[in-house]
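Please construct the entire structure, taking both the sequences and the accompanying hints into account.
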Amino acid sequence: MKEVLIYKGYERFWHWTQAVLIIFLAVTGFEVHGGYSFFGYENAVVYHRYAAIGLVVLIFFTAFWHFITGEWKQYKPTPQFVKEQIEYYLLGIFKNAPHPTKKTVLSKLNPLQKLAYFGLMVVIIPLLVITGIIYLFYRMPSATNMNPLNLTNLEPIAILHTIGAYLLVMFVIVHLYLITTGHTILSNLKAMITGYEEIEEDDDHHKKEEKKV
Amino acid sequence: MRNSFLTVVIFAVLVSATYFYLKSPEIVQTKLEVLKENYSKPRDKKPVDHSKFEVLQKQFNSPQEVVKTCMSCHNEVHKELLDSPHFRWQRPVYENGRGVTYLGKANAINNFCIGVQGSEVSCNKCHASFGEEEAMLAIDANAENIDCLVCHDNSATYLKGNNMNGFPDKSVDLAVVAKSVGTPTRDNCGVCHFFGGGGNNVKHGDLEKAQFHTTNEIDVHMADNGGNLICIDCHTTENHNIKGRLFTVESSNTNRVSCTDCHTELPHESTVLNEHTVKVACQTCHIPTYAKVNSVNTNWDWSKAGKLDANGKPFETEDSLGDHVYKSIKGTFEYARNKKPDYIWFNGTAEHYLLGDKISEKETLLVLNKMNGNYNDEFSQIIPVNIHYAKQPFDPGTRMLIQPKLAALAKGEGAYWQDFDWLKAAEKGMEASGLPFSGKVDWFNTVSYWPINHMVSPKENSLQCVDCHNSENSRLAGLNDFYMPARDKYELVDTLGNLMILLTIAGLFAHGSLRYYFAKKQK
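Protein chains in written order, with my numbering: chain A, 1 to 213; chain B, 214 to 736.
No lab work stands behind these hints: they were computed from the structure.
Mixed in with the good hints there might be a few duds.
Claimed, not checked - Label-pair distances were calculated between CB atoms; the ranges are:
#1 B:N438 <-> A:E42: 27 to 35 Å
#2 B:E576 <-> A:E42: 40 to 48 Å
#3 A:L136 <-> B:E482: 55 to 63 Å
#4 B:D694 <-> A:E42: 22 to 30 Å
#5 B:R728 <-> A:E42: 29 to 37 Å
#6 B:T450 <-> A:I133: 44 to 52 Å
#7 A:V20 <-> B:H481: 28 to 36 Å
#8 B:Y252 <-> A:V20: 47 to 55 Å
#9 B:T396 <-> A:E155: 48 to 56 Å
#10 A:E84 <-> B:S229: 34 to 42 Å
#11 A:I133 <-> B:L727: 39 to 47 Å
#12 B:Y252 <-> A:V122: 58 to 66 Å
#13 B:K672 <-> A:L136: 24 to 32 Å
Stated by the list, open to error - Listing some non-contacts, in silico: residues in chain A with all C-beta distances to chain B over 12 Å:
#14 G40
#15 V57
#16 W72
#17 P77
#18 Q85
#19 Q113
#20 P156
#21 I163
#22 V174
#23 L176
#24 T181
#25 S187
#26 I199
All values reported here derive from a predicted model rather than from experimental measurement.
Every residue, glycine too, gets a C-beta built ideally from N, C-alpha and C.
The following block contains the structure:
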């Protein structure tokens, strides 16, 4: 076992900023959606708008970072070991079986994570961002010049945005739980805070696996 | 580490730049302070003092004599008056389905005392003329019968008499009135417009005698301790053409007074609020309630009129607030005070039921002034209205609303308020209107829409987001042709979404518990 830097400074900054923004967007967003009062309706609307713009800027920078550093390859989904990973969560985890794949600097996501984050990035986030931007610039039918999008009905946009929001909340809940499934209960969390995690020394078996990937 | 620090800095700069870009409005706002200052300047400086004119230093035997004297200097102004709705009770308009037509009190049926025809002796009290025959006549009317004084008296002593055909009350000293003339004050306008429908605040709900002198809480514009504006500050007037539209007797989106005339198109500091003005009229949020001091009439049932007391005399009954619930001459009433307005879409055009129109067989509730508008209409805004219901006399033979003769000086002329005979009153009234009458009187339910524009509240009292944006008791619950956040939800999405979240949590809890159980067992 040795301590390696598995999450670089920017990644950690990105992760935690995104985490805060998403939770904040959920709290303000569901207040706008109706049902409870926390920030006050107008504040919730305004905060939600600013946080949304912040998130879009962050996503833009992060996409840039991933392409420049080549880290985006980490998220490329692969069918390999998906079955093993599912079996691990359904059975192996209870028997204290080893993780079916090893975490390394070059492959820090397990196959299910890759699938999940890929889905998040390809489906949920774009759904929320696109409907959100339309929502943000949506102006009601008007003879004034405040109507860049000229949509006549907000309803489908609002419904899709709400669906995206529910999916993201579910994602966050599962994500929070899966933090505890690392090497120890807190090792994943510690890694995302400090950047360092104890991982097993490279061995022959693992090298083979990497080649496959 | 340095790199990530740099990223944080760049990111922070970008975010704050976006924030300030969005926050700073591009158009300079007209500051309320500027308006307040403009309207604090004294407005009673006049270029002339009529009390010093030689021609006015005398006793006048008739009001026409005063008017003749006015015209000795103002020798062309009568032409403006003879062509104005204040004199003609109508003006040419374009109305959907009717084309160019005349519209006004002269031919529109209203939901209160119905109409003028046959009852001029009483109605002329609020007509800027003297004498019956001038009431409906147009350009060629005798200019000496124009009542300049009712609008221009500044002595606060001029008063038109009851049932005097528009002539001043016997108590009026015309010499005093003539020397006082000047621009109209709140008193001049209010003496008619506050009492429409036969009593204070009966018609409008947002215009009543309390506004002669009121407080900021009631009306920020007219309040003595507020703007202290007079009517013509907003209803600006040029050549006796007074700006402003009331859509019970108007039909086009022109010559309207708008809040934005003074307050600009972007009056709020908040962008979110400014965006609302695209679809929400200022009045909707800024007049949370109307009829704040005295009640407004909301329902008038003519069919119940005519009960007489034991001596065969008409009587009246009042409720605890002093509002009439019954009058033998008029029927039953319902009133409301501190009322929350109803809300409708309105694009600035309206269509009217006019005297003599036939009501279709399908109709069960006749809309006297149909206010056009809907969500998808780009000119439409949500406005507050007083919706007034009535039951009016109706001729089932001709399928027309009946214009009954209501007022007369004596019994026997067929006036309902004297003789209490609907058949006679209908016959006389329809005759005066030049319309047929089949000899039968039935009743028809009618409704009219009264836009609420006055009694603007201090901004602290304006509606808050959640007054409309909530699913329980939204003020806009009745406007269902659009999606509104918080008021509207797609139930399936919310139900499924919440269910999935609960199932996820339950599943994870089970998973976690099993892990804990097996971990313990292994030890």
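* Compare the structure with the hints numbered earlier in the document and write down the numbers of the violated ones, lowest to highest. => Hint check: 3, 5, 10, 14, 15, 20, 21, 22, 23, 24 fail, others pass.
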